[in-house]
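The whole structure should be built from the sequences, with the hints applied where relevant.
To convert a position in the sequence shown, counted from 1, into this note's numbering, add 648.
All clues given are correct.
Computed cross-link-like contacts, EDC-like style, restricted to lysine to aspartate or glutamate with a CA-CA straight-line distance of at most 16 Å:
1) Lys725 / Glu664
2) Lys725 / Asp748
3) Lys834 / Asp847
4) Lys725 / Glu686
5) Lys835 / Asp847
6) Lys834 / Glu860
7) Lys684 / Asp658
8) Lys957 / Asp769
9) Lys684 / Asp651
10) Lys879 / Glu807
11) Lys725 / Asp744
12) Lys879 / Glu796
13) Lys878 / Asp769
14) Lys668 / Asp842
15) Lys835 / Glu860
16) Lys684 / Asp744
17) Lys878 / Glu807
18) Lys725 / Asp658
19) Lys879 / Asp769
20) Lys823 / Glu860
21) Lys957 / Asp847
22) Lys668 / Glu968
23) Lys823 / Glu869
Because the hints were derived from the structure by calculation, they are not lab data. Just so it is clear, the structure is predicted and the values come from calculations on it, not from any experiment.
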Amino acid sequence: MNDLFTQNPDLLFLIEQAVKAPSGHNTQPWLFRIGKTEIDICPDYSRALPVVDPDNRELFVSLGCATENLCIAASHKGYCPTVTVAEDGTICIRLDRHADVTPSPLFAQIALRQTNRRVYDGRTIPAANIDQLRAVEVAPSVHIHFYERGTPAFNAIAELIYRGNSLQMQDDAFKAELRSWMRYNKKHRDAQHDGLSYDVFGAPNLPRFISENVIAGALNERSQNRADRKKIASASHLILLTTRSNTVEQWVALGRTLERLLLTSTAMGLVHAYLNPPNELPELTHELADTLGLPSEYPTILLRIGYAKRMPHSVRIPAEQRVR
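Structural data, given as structure tokens:
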């Protein structure tokens, strides 16, 4: 183990909380570099998704989520974190101890937050709870937009999701990249500690050759849209997060805002999952912004949110293995 972990066990604890952040296909595209009073979060481009995320936008959003987890955990340990983003995309977090640090009330939610891919139960989130989500601290470069089920905007977004699914499922490179991150049974999952595990989709633990055949048969636009129609119809709201510019610094800021939103919603007993095809296909992204009256914003992350029973958690690579 790193000598600095021995001198200050808090450093490993903070990284253990950071790696519980969400990431595209559960790639966990982060590496950590530690010093006596700082932790750097570095992009791990070996875990990038060049087909679905060619600009590494979602990668840096994930790093922003990890940053927010680390900062929340730091407050729990009595540190005041200061975050800067370097030109190369490294996120530098300075940790200063202060006697009067107020621990974040969101800390307990880090271990509970999960992406829940179930069909939800259809209940509508009360307006007062949506107002609580609207009150989440938002970075100056970021906007959050809420669209309730049944509204014209909700329905318009849904149609763009279905079109995005069709385009992606007709792309062999997209499907090959997706399959490369599938973990088909418990043995496969436990050997990798990353990727999209069979159990987070509610699938049984079957021999790999069976699971691979089942997944291959389901990777088509008809199956994807049939499943997403049920999931979208069961959600209370769709939530869109945007940035003012397409820059690394703003992607990281969006990730930090997103994580605060997700942890706040988790504390309220809400669940969420991602529906990002309209943000990942440029021709649909522009149409999405125009349709919603957001001509000066860049749609980046799209969520469905509602109520459902919990699912198994995605597995993580042990934190100490991600320190370089």
